[in-house]
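Chains as they are written, first to last, in the working numbering: chain A, 21 to 526; chain B, 2 to 133; chain C, 23 to 721.
Read the hints as simulated data drawn from the structure, not as lab findings.
All of these numbers come straight from a predicted model, not from anything done at the bench.
Beta carbons are placed, not taken as given, at the ideal position from N, Cα and C, and that holds for glycine.
Incorrect hints may have been included.
Okay, derived cross-link-like pairs now, SDA-like style, lysine to any residue, Cα gap no bigger than 25 Å in a straight line [as the list claims (entries may be wrong)]:
| no. | chain 1 | residue 1 | chain 2 | residue 2 |
| --- | --- | --- | --- | --- |
| 1 | C | K225 | A | P409 |
| 2 | C | K225 | A | G382 |
| 3 | B | K127 | A | F172 |
| 4 | C | K226 | A | F465 |
| 5 | B | K127 | A | V40 |
| 6 | B | K127 | A | A53 |
| 7 | B | K127 | A | R160 |
| 8 | B | K127 | A | A47 |
| 9 | B | K127 | A | M467 |
| 10 | B | K127 | A | G164 |
| 11 | C | K225 | A | L457 |
| 12 | B | K127 | A | A45 |
| 13 | C | K225 | A | A453 |
| 14 | C | K225 | A | R458 |
| 15 | C | K226 | C | L370 |
| 16 | C | K225 | A | M467 |
| 17 | C | K225 | A | F464 |
If you want the footprint, here are the derived chain C segments under chain A, 3+ residues with CB under 8 Å [said to hold, decoys possible]:
| no. | region |
| --- | --- |
| 18 | 99-109 |
| 19 | 681-689 |
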Amino acid sequence: MSSDALWQLGPETLVALAAVVVYVAGAFAAPRAAWSWVGLAGLGAAALCLASTTPQAAEPLRIDALALWLRWFALASGALLILTSWRPAADADGAELLGSLLLIIAGMMLVAAAGDLVLLFLGLELISIPTYIVLFVGRRTSEGREAAVKYFYLSILASAILLFGLSFLYGAAGTTSIEGIHQRLLDGGGSLGGFAGLALVFIFAGLSYKIAAVPFHFYAPDVYQGTTNDGAALLSVAPKAAGFLALVRLVAVAAEGVSSDAWRIALALAVLTMTTGNLLALWQDNLRRLLAYSSIAHAGYMLIGLAVYLGGNTLAGAAFDGVAALLFYLLIYALATVGTFAALNYLGETGQPVDHVDQLAGLAWSEEPRSRATAWLIAAFMFSLTGIPPLAGFWGKLALFAGALGVRGTEPAMRSWFVGLAVLGIVNAAIAAAYYLRVVGAMFFRMPMGKPRTGGSRSVPFAAAVICALLVVAIGLIPTPWYEAADRATPAAAAREAPEMIADAR
Amino acid sequence: MHGVVFPLVLFFASLVGLAVALLLLGQFCGPRRVTDVKRMPYESGMDPIHPTRRRFDVRFSLVAIAFLIFDVELLFLYPWAVVFAGGAQPELPSGAAAAGRPPLVFAGGMVFLVLLVLGFVYDWRKGVFRWR
Amino acid sequence: MESWIPLLLVLIPVLPLAGAALTAVLGRPVLAGRSHLPVVVGIAGSFLAAAGLVLAIHGSLPAGANLPGAGDSVNAGYERTVDLWNWAVIGGAYHQPAGPDAFVMRDFRIDVTLRADPLSAIMLAMVTFISLLVAVYSVGYMRGDRGYWRFFAYIGLFVFSMTMLVSVSNFLLLYVFWEAVGLCSYLLIGFWYERPAAAAAGKKAFLVNRIGDFGFALGVFLIWTAFGTLNFHDTLGADGRIVAGVLGEARLEGGSIGIGGGTATWICLLLLLGACGKSAQFPLHVWLPDAMEGPTPVSALIHAATMVTAGVYMLARCAPLLLATVDGQMAVALIGGFTALLGGLIALTQTDLKRILAYSTISQLGYMFLGLGTGTVLGATAGMFHLFTHAFFKALLFLGAGSVMHAMGGVVDIRRFGGLRRILPVTHATFLVGCLALSGFPLLSGFFSKDLILVAVHERAAESGSTGLYQWLYWSAALTALLTAFYTFRAFFSTFYGQKQIPHEAGGQAHEAPRSMLVPLVVLAVCAALVGGYFEVTHGFADYLQQTPSIAYLARQAPQPAATGGHREVMLTSAVIALAGIGLAAALYWPRRSAAADAARRAGQAVGFYQLSLRKFFIDEVYQVLLVWPGLAVARASDWIDQRIIDRLVNFVGRVPPAVGAAIRPVQNGLIPFYAVGMVFGLLVLLAAVLMGWGWLGT
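Bound conformation, chain A alone (with noise of 0.2 Å):
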């Protein structure tokens, strides 16, 4: 690694630093907010950092605009999720909590800007290791810990799954550098493909257990369940945002030579994912569960903008670039679900947080103005979800199936798998809407169980579900610069500015 290198990754060294300097003074006092507060300046300084850094290519990173957006989506999402699990009161394991989820903001940024099998796969692991820990002190209940054990066991296999299929690309281009590999397979045409084809396998096997696509989805729902509700929020946006950009940069190149099986795995995977995790949410009655399924859903959805990727060959003149639809789905979803969580730990007080839609019920008619307006807030994120037109969530959808419905394929009966894709996926999105609405059912019309809930003084989550609440219905009324700062970090923007390296880029 050269120093080049190094100054490049100035913003993940600077919040690992704030990670350290949490972990190592929280061993001596233990007041939550502060930490809170130099989390916060960590990040801070890092979007400086990163703001003031020209990107340059320097191996083993690939400072590409992919990169960038996702190290400010991580930036700003690590930001939300430190306000959602913002707690006034001194608290044993808050050094801990916070620390691991610097780490982890620093995992998605390095995953981010990895241009090398190995160093994209520390980061991978400096998101999971640090989730084991969050899983484990987070909630100290026997639940919490089956939570924490399950995501243990589990990820260590999926990581297992991914070194496999890294181990073949490997073994095919003698290299660990994604660019080398590529180069590699491009040179030695057909001949490789064969060992490509099973790492793309193992790739698109180890990933997809990060971002929870069915049949690797399994630990998602009882973990969720089991932990808290910022446990939830961050596993429900880190491992996904790092596992779909991963997912980008492994799988086209992988799929070199492969193209026909890429594209058919993911359009699989998608259809099995979206499918099977709304269907499975329409039974839940637990909030967490039900949004760990409302997430497995989302993944399939995402994985449709993915298959359009790999796909390759759009109709011209077509609106929606796969990687841009899934990028900037994966904001939106983020917001709308971080803002749920958030809006939950307003409501929930220590020890005892909202589990179940019963405990909303009736909310939007409580006594206390704050507990009304987060009855809205939700309202707002499930309609978003359900993707209701003034919202966000609507335009995240369009973007998606108009996506794959702009498809022309290069193989025969590719583009009827395409526009069979899309309306799956609206028929989905209209099975989806049972279970989000039942939850706005609940906190409207229905009558509140038990004593009226009161935030308390969780004012920070509050603040951090109204910011969400905002961005969803700003991005709902203008959406079209979100979505352009997303389709100009795809690779097909990348290979309109250097035509020379359009092969690259697909």
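Using the hints, position chains B and C against chain A.
Relative to chain A, chains B and C alone:
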């Protein structure tokens, strides 16, 4: 594509074959002398006749983890020392680039050690080393 | 001055919205009895901005370009658009063959663009002015109501939606705010949702409007297919070329809007259906009388002066589309003329003061449709002018009725009170002005505007004598004017003259309303008396309005002959008609319920007319017979099929997702080894697919 099927089948076949063969070897070649001690679930260690949820001291795991960390530290320092001494730089271009390298390599090692010390401090503050 | 236009355009909707938001957030916990403050202040600011906008546009108009005969070709009208942001772009959404191997590709592009032109400016000024007065009035009227803050939050939201409706420059956004005002109307009709009648009326309004909105939506779709854009104004396409908006200069200056025949007729009819729903025209008028269950200020604001005129506004805006099809024009004129007559006939015998006014509103809206249906620039101007004056005197009448109700403890039946002129002197005086204006009493505002519509119909009839339709419509409109004068003064005399009679609900302390209610009454009375005359004398309204691109287009396409002598003749006729109607009502109802009135009613009963009118021409019953009963019969017939087959099928479909979910639920059994096996199994299936080809998976 189909070129890899055969090696792959061979690979998995030998994998399964090895596992099955080892089991069968043990089954057929091993002498079997059944004694009371051997019939216990745990041949060595504790007597399993007690409530299953018996707790054991968490320090076993903590010490194990602390040991692992310092073990890995030792492992990392060997290649680092070799690189620092300039003994092996197979992938590095010789000449100009190498000139700026030793300070960077040194700093990297130091950062690593400092992080370990911080981990040690953390362990210490958290009472990992507090016996009784 | 022109540089202010963007700021003003934005301020007009934003201020009421901000007021509404503030009231919604702070209303219950903080403001309580002062919840009106943010909204009233917001609407006042909005009104000032609207007034400024009118002046700013006035200052920017080309001078003297519109005088009849003076170089008509140069007047393309004035419009100014302000792009706020781009809401949506879908590239290449419009894909239409344009000859062999040639395609027109266009983006689906929705810009949130506000427009300033004379038509919008007039509507904005009128809406904000009436809203301001009604809001001030409501401070007194709604005082002490449990939902005080809720009421003002809704009002603010309504003013926002209505001002947006008239200032957006795109059919889709027009539709959005069309629905938004409908939502506000629904919320406010059902404001006292504890009353079953109010809840039912809200539901009825909602459902009947859906029919109209369905037509409107289809019309918008058809416009998209026909034009490839939904913007009113011209925009710059992605390729740097101008995309001609539906009502933009590029299209209108070409002299033809580029469609004709069946498409044009269908677009007009579908838009007309939408307008009929919102503006309560036959056969979709049935919701408006029931909507009187809402608070009276709401009836005045939404169901008399502003929201119900949205249909008229929309047709005026789309006048060039209307001009493309004679069938469409005749449909509009016919619906309007018929509804005007029908409303007048029904109003004759109603006994509920607010319902009389509601049918009167339906009737007057019919007049406006009739004016627009002539397809001439005079007709369009007359329709808009009547919309403008009607807003003042009808709001005045409703607020007066509210004042009566306020004093009478909520009673609205004109048979149960009488002789109130001494108790409610201010209400009496202002109500009289409103009645005179509505009846078309000479020199009051209603006289001039109604007269102008009659003139327009008369001229159109003279021009196209062959069809004869417009001639019939003219006579029908004249008859309606007579009816209007009669029923208006029937209500007036019954309420304020004759023997003093006060219902027991008033609690023996009937009194004049508080000042916050009287001030708006007086202001409106002054306006109702004077605006018509002012604009008639100065000709300011017509000159101003005709600078709207859509209406200027009418002027260019069908140059007006110089005003003929017919004008004076018509004016005289309508004056006589109004006086006759008033005189007849006075003879019958002053003194109250005279023998003559009884005789008239008996005569009416003898020919069955009285019943017919009282029961609103049995239109609700006709609906019952034509729609509900056959519906029921068909429903019963299909009930069997429904129960046995379709219902089960639907239930089955509805149950499939949960059932499939339940079927795969056991997979989620919580065991780590099982999960791991599941993952590995998935991996193996993928591996097999890649290695052996996808054929065996059906791909």
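Given hint R458 of chain A paired with K225 of chain C - CA-CA distance at most 25 Å: Answer holds: K225 of chain C to R458 of chain A is near 23 Å, not above 25 Å.
Distance restraint between K127 of chain B and A45 of chain A, which requires alpha-carbon spacing of 25 Å or less: OK: K127 of chain B and A45 of chain A at ~11 Å, within 25 Å.
Within 8 Å of chain A's CB atoms, at least three CB atoms from the region 681-689 of chain C: coverage verdict: holds (count 6)
Holds or violated: K225 of chain C to A453 of chain A, with C-alpha atoms at most 25 Å apart: Roughly 24 Å between the alpha carbons, so the hint for K225 of chain C and A453 of chain A holds.
Satisfaction of hint between F172 of chain A and K127 of chain B, Cα-Cα up to 25 Å: Cα-Cα ~23 Å, so holds.
Pair hint outcome, K225 of chain C versus M467 of chain A [Cα-Cα no greater than 25 Å]: Roughly 23 Å separates the two Cα atoms, so the pair holds.
Hinted pair K226 of chain C and L370 of chain C, Cα distance within 25 Å: Holds, at about 24 Å.
Restraint status (C-alpha distance of K127 of chain B to A53 of chain A at most 25 Å): Measuring from Cα to Cα gives roughly 20 Å; hence the hint holds.
Pair hint K127 of chain B and M467 of chain A, alpha-carbon separation not exceeding 25 Å: Violated, at about 47 Å.
25 Å Cα cutoff - pair K225 of chain C, F464 of chain A: Between K225 of chain C and F464 of chain A the Cα gap is close to 19 Å, so the pair holds against 25 Å.
Coverage assertion for the region 99-109 of chain C with respect to chain A, Cβ distance below 8 Å, three residues required: Since three or more residues must qualify, the claim that chain A covers the region 99-109 of chain C holds, with 3 doing so at under 8 Å.
Restraint status (C-alpha distance of K127 of chain B to V40 of chain A at most 25 Å): Holds: K127 of chain B and V40 of chain A sit about 15 Å apart, inside 25 Å.
Against the hints set out earlier in the document, a violation occurs for number 9 only.
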